[in-house]
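Student: Spelled out, the chains give:
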Amino acid sequence: MTMTRLDDTTTEAAGNQAAGLPRLLPLVPGLPEDLRAHLARHGRPPYGHKGQLINAVQQAGLTGRGGAAFPVHRKLAIVAAASGRTVIVANGAESEPASHKDALLLRAAPNLVLDGLQLAAEAIGASDAHLFLHPDVSPEITRALAQRQAAGLDRLVVTITEAPPRFLAGQESALVNRLAGGPAVPTFTPPRVTERGLGGAPTLVQNVETLAHLALIARYGPRWFRALGTKNEPGSMLATVHTEHGAQVIEAELGIPLRNLLPATQDSQAVLIGGFHGAWLPASAVHGLTLDNAALNNHGAAVGAGVIAALPADRCGLTESARVVHYLATESAGQCGPCLNGLPRMAAALGVLAGSGHHSQVRKDLERWAGLVTGRGACNHPDGTVRFVRSALTVFGPEISLHARGHCSATNRKPFLPLPNALPTSEEDWI
Amino acid sequence: MSGATGFWYASRATGILALVLLTAVLVLGILVNRQGRLPGLPRFAVTSLHRNISLLAVAFIAVHVLTAVLDTFVSIPVLSSVIPFASGYERFWLGLGAISFDLMLAMIITSLVRGRLNRILWRAIHLLAYLCWPVAFAHSIGSSKDLQHGWLLDLSIACALAVAAAVAWRLASAARQLPRAARVAAVFAQHAPHGTRQRISR
Amino acid sequence: MPDTLRVNPIACTGHGVCAELLPELIALDEWGYPIVDPHPVPPALDTEARRAVAACPTLALKLTRTDAPRPVRPK
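Chains S, A and L supply the protein sequences, listed in that same order. My numbering numbers the first residue of the first sequence as 1 and each following residue consecutively. My numbering numbers the first residue of the second sequence as 1 and each following residue consecutively. My numbering numbers the first residue of the third sequence as 1 and each following residue consecutively.
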């Protein structure tokens, strides 16, 4: 399912590329674009405009599609300005269990990502290129890279590293740590990896979807990119939408009403926006909201990793949230005292609240711990977890009261949000 | 001449004192690392004592070296205190003394500028303490007959036992340290919903 | 421009020496880890702050320039 919109104010004539959708996803849904199809649709990557790409990305207003929504041109500029060796990494780890967009993109349009990687590498003058990805897509990407080598498309050889299935593996400094041969756990910043990253060299880490957008901006320009989306949040994005019928990756224009992404038929009580570090919003609020940070930030939520999970009315949001927080706790890197001590306690407390009986002290402890861990880890893991927990306590407040009296509103005990089964058991699980 | 004998006695006495002080420094260093406490004293007292006694030890060693050099009965060049095996007299045993003194200087100098050093590098050099003490001990036993009998022998054995006990405690602690994967599980396991004060450390 | 105290939470093992030496700006949470005042160090406490930084057994406590941009924490 794609959303198309014709924009007759666009004057860029860009080959076969219309101003609408799909942009990233293949023209024929479900049919991955191999190299031939990619070249037919987009042509070869436009090398040789090194100095202009960063400007184009700035004018296009592209923000990172990995969750943080950081202006891409700023990161590019920092690393481009550095002297000496620099490194670029395409981040396809997609460690958010509820997100499937990066895996889909790497399968369906790998050449867009790989074009973006090469073009960004040229723009910043990188000497080393890496791709960090899930083992499942590794064989296909290896094949795609071989085809590109044969066709002489790539300037830099791309080194593939498989990401361990850890929630923090895609975090910038954890990723660099892993590429350097260590475990995928974060390191203390400053210095950021853009200052000192892999092997001490300034390192640009960019989400694979971001690179795909960049590859298109390089060809069709900023005006084309801005033909979709809002003024401050232009372009399209990949969202992973979860409903009771399953999960689907949708390419959507930023700024569209959220209800356009959710089936009208489903009876939802709440929607999780962003991912496991995102926030629950009540279904009533979601009805009037649009897919952009300008709207979502007012409600304590953000686009984040593009996860939109509509919890069916027949489930227990409290139990779902407790499951998620337990997972988030087990995924702590275990290296910062407040996170290591606080997250499991918060998870246990939420588990107690999801049980039955009055637990006012547990609720107070939970609030206290939430305040204690915020801002006191080396990475955002405790902060993101607290955001999720606080939104759950707000949105599922009535459910908590019900449970306190020994009841539960759910009639369906089937788990809704996807969670991996395998917990880390040894140091090797971070490698 | 009594002056010569005076210097010689001073050197031996300060040497013994230095060994006792170094023993205390090592034990205190292990105490700091394990977050141990001295009864009735605040935590910063343990770190301060460790540092101050190490500086005191260096002062005593300086006197120990100087008096040995000034003593005219044997010829010991002053540089042999830092250049190992450069002394004609008891070349090997004094050489060990120089090695341990060099290690001490490395640890102390890096500690004085530790704010400017990479944390990992500082720690790596500081681990040389476990080499420094045995070498200093060997130097003490070998370079003079003093510690080989009588109450000074008892004193040396006591120092060695103190170090052995502290090191054994350190190794046992390290063995008990939770690997990453087990840390979160440990917090879950010992947590009671109504709050527990016990902390899991790395 | 006075400096600001920051703690490296990975290096910190909760010795608690900092809180003893600088109780005005550092408290310990219920697990023994430091909660550091994020404001610039008042000039009157500058010496004490430097002492606390020097005393940290794991070099986890740092004094950083206040106008150094506090990085937006990644992820």
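Bear in mind the hints are in silico, worked out from the structure with no lab data behind them. Keep in mind it's a predicted model, so treat the numbers as computed, not measured. Any given hint could be a false lead.
Listed next, with one range per pair, are the computed distances between beta-carbon atoms [claimed, not checked]:
{"#": "1", "chain 1": "S", "residue 1": "Thr425", "chain 2": "L", "residue 2": "Arg65", "range": "41 to 49 Å"}
{"#": "2", "chain 1": "A", "residue 1": "Leu117", "chain 2": "S", "residue 2": "Ala294", "range": "26 to 34 Å"}
{"#": "3", "chain 1": "L", "residue 1": "Ala44", "chain 2": "A", "residue 2": "Phe73", "range": "54 to 62 Å"}
{"#": "4", "chain 1": "S", "residue 1": "Leu27", "chain 2": "A", "residue 2": "Leu121", "range": "52 to 60 Å"}
{"#": "5", "chain 1": "A", "residue 1": "Arg123", "chain 2": "S", "residue 2": "Ala422", "range": "27 to 35 Å"}
Per the computed footprint, the stretches of chain S lying under chain A, defined by three or more beta-carbons under 8 Å from a beta-carbon of chain A, are [stated by the list, open to error]:
{"#": "6", "stretch": "331-343"}
{"#": "7", "stretch": "425-431"}
Ideal placement from N, C-alpha and C gives every residue a C-beta, glycine not left out.
Student: Taking the hints in turn, state whether each one holds.
Tutor: Hints, verified against the model:
no., hint, in the structure
1, S/Thr425 to L/Arg65: 41 to 49 Å, "42 Å, holds"
2, A/Leu117 to S/Ala294: 26 to 34 Å, "46 Å, violated"
3, L/Ala44 to A/Phe73: 54 to 62 Å, "57 Å, holds"
4, S/Leu27 to A/Leu121: 52 to 60 Å, "56 Å, holds"
5, A/Arg123 to S/Ala422: 27 to 35 Å, "34 Å, holds"
6, 331-343, "holds (count 8)"
7, 425-431, "holds (count 5)"
When the structure is compared with the earlier hints, a violation turns up for hint 2 alone.
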